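Top line first, the protein sequences correspond to chains E and S. Residues 1 to 503 (the UniProt record's numbering) make up the first sequence, in order. Residues 1 to 486 (the UniProt record's numbering) make up the second sequence, in order.
Please note that the accuracy of each hint is not assured.
Stretch-level coverage of chain E by chain S, calculated; a stretch enters the list once three of its residues show a Cβ under 8 Å from a Cβ in chain S [to be verified]:
(1) 10-16
(2) 149-156
(3) 382-393
List of simulated lysine-lysine pairs, DSBU-like, C-alpha gap at most 35 Å [unchecked claim]:
(4) 12/S - 401/E
(5) 124/E - 419/S
(6) 248/E - 419/S
(7) 320/E - 419/S
For the chain E half of the interface with chain S, some residues (derived, Cβ under 8 Å), not all of them [what the hints assert, rightly or not]:
(8) 77
(9) 261
(10) 316
(11) 324
(12) 410
Hint data in this document are derived by calculation from the structure and do not stem from the laboratory. In this text the structure is predicted, and so the values were computed from the model without any measurement. No residue lacks a Cβ here, since even glycine has one placed at the ideal position from N, Cα and C.
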Amino acid sequence: MTTSLDYVNPRVRAIRVSTQSFLQNLAHQITQNMTQGGQKPLKGVIDLSSGDPHRAGMKPVSFVRQVLAVCLYPHLLQDKIFSLDVKLRAQRLLQICEGQSLGSYTASSGLHHIRQTIADFITKRDAGISANPRNVFISSGAQRALMVVVKLLSSGEGQTQTGILTPQPCPYTLPPLLDEAGVLAVPYRLMEERGWALDLNQLRQALDSARGGCNPRAIYISNPGNPTGHVQDRNSIQEVIQLATAEKLLLLVDEVYQDSVYGQNTEFLSYKKVLFEMGQEFSETVELVSFHSLSCASVAECGLRAGYMEAVNIDPDVMKVFDTMLCTDISAPTTGQLALDLMLNPPGPGDPSYDTHAQELLLTRTVLTRNAQRALEVLNDLPGFSCQPAMGGIYLYPSVKLPAGIREQAEMLELGADVFYCQKLLEEERLLLGAGQDSGEAGSHHFRLCVLVPTYVLEDALHRLSAFHLHLMGHHTVAGRNVKGKAGCSSQSGLTCVQPTTV
Amino acid sequence: MSVLQEISSNVKNMKTLEYSLLARWTKQIKEDLRQGVKKPFREVIDVSWGDPHRGGVKPLTFVRQVLAACLYPQLMNGEKLPVDVRQRAQKLLDGCAGWSRLVFSKCSFSLGSYSATGGLPEIVQRVSEFISRRDGGVPSNPENIFLCCGSQWALTRILNVLVNAEAPFPTGVLTPAPCYSTTPLSIEGLGGVVIPYYLSEERGWELQVEELHRALESCKGACHPIALYVINPGNPAGQVQSRKSMQEVIRFASEKRLFLLADEVYQGCVYGETEFVSYKRVLSEMGPPLSDTVELASFHSASKGFMGECGLRGGYVELVNLDPAVKKYIYTLFCADSSPPVLGQIALDLMTNPPQPGDPSYLLYYQETQHIRSTVVKNVKKACEVINSLQGFSCQAVEGGAFAFPRIHLPAKAIQKAKEAGMQPDTFYCLRLLEEAGVLASPGSDYGQEEGTFHIRFCILLPHDVLGELLQRLSDFHTQFMKDFS
């Protein structure tokens, strides 16, 4: 073969393979085996490891789907089932597409009208601090936009290799992205004891230890935190901005879960807003790029693939390069771009679709809040588990003390203990959680579970997790109730899943 | 001082296209027209993209009905959509739900989910069956097929595996001249080097293997050539390769140990006498050892052909004879970007499995595709006739693809004027064409051409009357231009 392993780009070879894909493949195999077995299986796989609410059964937002359906098949403009505001919006959106079809390419940074919608949304969100559509770039998902900026930063090797400060834990997609771009991750610890807060000293320490080994050029922040659920307050954000200014670091802020803050007395503050409220010396100089996408909590249209970044105080010549790089994708999916418009410019009071839309969003928020609370309680009741309350986002990130036996078994198989646990949980209970190791912490025993799922799914998952964990730990209580007989019998008796109630 | 001042050198190397200048002018002109400024034309005809819907070609009804039903399943209630549309949508949605479908029978299936990274397994399976049918039974393994966010996306990922920016010698990729501009941009962005091989214009843009040899010789000692990129049917030159030519290319790739990248996205657009045959089929028919050893990646997409769904971003790559360890890395890269857009994947499914005779939607589907096909055939004929009848303009036969790529024999005065204005002569021509006739075509300089020759590219996948208008404006402009600069 010409292209043997020797020829594979060394940078590609160096990309860390996340255990997420290993576990997902395993889950897929299990499902295949179940369907091929011929018998009706007793329970299917529940996947709480990916932030993919629709897959778990959350319903899409009607307004989004209706408008997109009409845009796809404009014949539906004559159909009575769609309300007037749906039709008007579809017509308006079709007009901005070339050839009035969403089958057309768009400019590589996105349709201008949508960039304007995004700018208007940002301005409104930040109480009047204006946003310019020229600084907004639409891409096939926020990760793609992040890659564009990271690739621009990437240069040097050895001592001059670009480094980016990354939170520990971080989103599981981040380490492979940095590897692919040839950038070094410089981790700064988040403080678990304080609800995963950012700590300035940790940031400083990370920075100091990095210098000499690489060239740190940016700080990556996830707020609300993925996977931790921490939401930064104004003070915390200001500290980060001050540090970035003093150390001349670019701020890369992932704010995808900005629409799902539910903690008491907590509100989401965008980095841009805080920046501008710090006065001119900061607002005119600090370089910041923030990211958002359809894969957020309220709309959760992960499969449509669209996101954007807003560039603040970035040199216009550099922004031209953003555009050139996005050219290699030609353009982001047009349906995704239109969905951004629907997400950020929803029906207003008085519009026919308003009530249903508001109810749907309220329901999602209620489910999220309730699930987070319930999961927190159940987890904290399990021996060895300890979970910080989340204030936003769609995950919980509990820590677990695993018995020596488990850790030894994992070591023998050369797997992280948390990965091994997840594998066994998957095999025995068909429940897939994310392993903390992927979030950049080797040896960490944490799990990631998405709680934005229908409540009955969560109940089933918690039931399975409890059964598995208790069996593992050899205890006999489940969330306050005593289970008679051998631990783990509830999972072996082939109980069907909890009956779906209204979500 | 900006943190981003030191931009990665690879990125700096990415050329800015001449087209961007024209795009800026177009924006200005469109704005002027909106403001009521008087111009010699009422609207700009934009034929700079290979984007049929942009030009006015209508989407296929069956495709859009299925997509709408998948997005909003309530549309399947009642009889308003044909039964085969409803069946197909239901089948696709059943495939989308993923692993939770076994338990939650009341689960709402949704396109909003991430899919398995190679693509939804049911769709990948059907794509592989399509490939096999197309190639007269040559087997196709779903494990070697990856669905992606447009074929260019897949191409860039494969290039990323092959191009080593840190090696002592830069990695080289043999690319045709002329070549569709996005690919060279991707190669440069990754730190690779483009090694152009010139297609022979006088022989209908034929790929000659002697030229491949010459190109390879020319870069000896300067770079490490690793791959050979071919576009068939061609873009922008609309040639369709003969079997014989493809066999020569395969032998060349084998002899020189090059990875063959076959961009076949226009396989659905063939109008001349030469039939399209895939590189995979030709390779397979050449038998061992070639059929077992030549490494090949072939690309296809839902953006081209008569479906023309560019905006949905659905493409795929099929890998042949790859070392399994290498394939693993390709998979890693594909994984890094979650998943291809689900609507794009569905579009691929519909492209590879259209309605069949007997299906309720078949008649309309057949009528619509036939209409587009016959329009394009007429367009190609007319475009070539008109252009070849003009002085200083000549066009090779367009056998396939979506474009005409005629040559302009620019007078010395025009070339001089262009130099003074600081632009390429064909860009100058295109700019004048835009300003005076309201036609946006792209200059040959963006695609690579023999030194001293000039071309323009324009899309011919348009409604016939729009093409008529385009050709009228182009002829009038060209005649005047040649007069002005004689």
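Going down the list of hints, with the structure as the test:
With 5 residues bearing a CB less than 8 Å from a CB of chain S, the segment 10-16 of chain E meets the requirement of three and the coverage assertion stands. Using a Cβ-Cβ cut-off of 8 Å, 5 residues of the segment 149-156 of chain E lie near chain S, which meets the minimum of three, so the contact claim holds. Proximity of the segment 382-393 of chain E to chain S, defined as three or more residues with a beta carbon under 8 Å from a beta carbon of that chain, is not established by the 0 residues found. Note on residue 12/S and residue 401/E: the hinted pairing is violated, with a Cα-Cα distance of about 49 Å set against a maximum of 35 Å.
Distance check on the hinted pair: residue 124/E and residue 419/S sit about 49 Å apart at the alpha-carbon level, beyond 35 Å; violated. Between the alpha carbons of residue 248/E and residue 419/S the distance comes to roughly 43 Å, so the proposed pair goes past 35 Å and is violated. Distance hint between residue 320/E and residue 419/S is fulfilled; the C-alpha atoms sit about 25 Å from each other, no more than 35 Å. Checking residue 77/E against chain S by beta carbon gives a least distance of about 12 Å; that is not within 8 Å, so the hint is violated.
Proximity of residue 261/E to chain S is violated relative to the hint, the smallest CB-CB distance being about 22 Å (cut-off 8 Å). Of the supplied interface hints, the one on residue 316/E is violated, with its beta-carbon coming no nearer than about 11 Å to a beta-carbon of chain S, more than 8 Å. Here the hint on residue 324/E is kept, as its CB sits about 5 Å from the closest CB of chain S, short of 8 Å. With a cut of 8 Å, the hint placing residue 410/E at the interface with chain S is violated, because the nearest CB-to-CB distance is about 23 Å.
Hint compliance for this structure: hints 3, 4, 5, 6, 8, 9, 10 and 12 are not met, and every other hint is.
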